Amino acid sequence: MRIRTAILCAATALLCGCRGVSTAAPSPTKRYEVGAARREQFIAEVPRVLGRLHFELQRTDESDRNARWTTHIKRRPVLDDETDVREAEISLVVSARQARYAMRGDIFNMEVEVESRVRVHPDSGWVAARSTPMYNRYLDRMLQEFRTTFDTGDHLLR
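When you line the sequence shown up against the working numbering, it's residues 1 to 158, in that order.
What the hints contain is simulated information worked out from the structure, not anything from laboratory work. Treat the hints loosely; a few may be bogus.
Now the in silico label distances, taken between C-beta atoms and shown as ranges [said to hold, decoys possible]:
# : residue 1 : residue 2 : range
1 : R141      : D106      : 25 to 31 angstroms
2 : L57       : E33       : 20 to 26 angstroms
3 : E87       : E56       : 24 to 30 angstroms
4 : R52       : R31       : 17 to 23 angstroms
5 : P133      : S63       : 37 to 43 angstroms
6 : E62       : Y101      : 21 to 27 angstroms
7 : R119      : L53       : 35 to 41 angstroms
What you are looking at is a predicted structure, and each value in this text was computed from that prediction instead of being measured. All C-beta atoms in this analysis are idealised placements derived from N, C-alpha and C, irrespective of residue type, glycine included.
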């Protein structure tokens, strides 16, 4: 009985000591909600916004309740506060999903999924970009293009 209690106490102590420790690398993908609009506006405007941001559309998937636009990976500038970074790249997945509790059934919520990766040496692999003040400003400017296009509210009245 004492041996079982000792083993149980040791296992509990080990698990408590390891709590919060993760060996997984940070995900390069982050999601941002950026607006709401009617389905027709998403279909027309998302490719235009992606073009203004110099992204090339790779794939488009549409259904009655969802739409999804995936871009090709593109090189992005290495920012001054990204120390030791040699190369950086970014891609977007823009999703529009029918709003659950909208008074009108044709209102969709939009989300932008950003994947940003960096490489510190030409022979090394790509890793998730770290959040730095300059990277956050770069990302905010990009997301603001979507927000100003889709979250002004006047498009919902048309």
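Hints, one by one, checked against the model:
1. Range check, R141 to D106: about 30 angstroms between beta-carbon atoms, so the 25 to 31 angstroms window is met.
2. Restraint check, L57 to E33: a C-beta distance of roughly 21 angstroms satisfies the suggested window 20 to 26 angstroms.
3. Look at E87 against E56: about 18 angstroms separates their beta carbons, and that is not inside 24 to 30 angstroms.
4. A C-beta distance of roughly 21 angstroms is found between R52 and R31, which places it inside the suggested range of 17 to 23 angstroms.
5. Under the hint 37 to 43 angstroms, the C-beta atoms of P133 and S63, about 39 angstroms apart, fit the expected range.
6. At about 22 angstroms, the beta-carbon gap between E62 and Y101 stays in the expected band of 21 to 27 angstroms.
7. Take R119 and L53: their Cβ atoms lie about 22 angstroms apart, and the range 35 to 41 angstroms is violated.
Hints 3 and 7, counting from the list given before, are not met by this structure.
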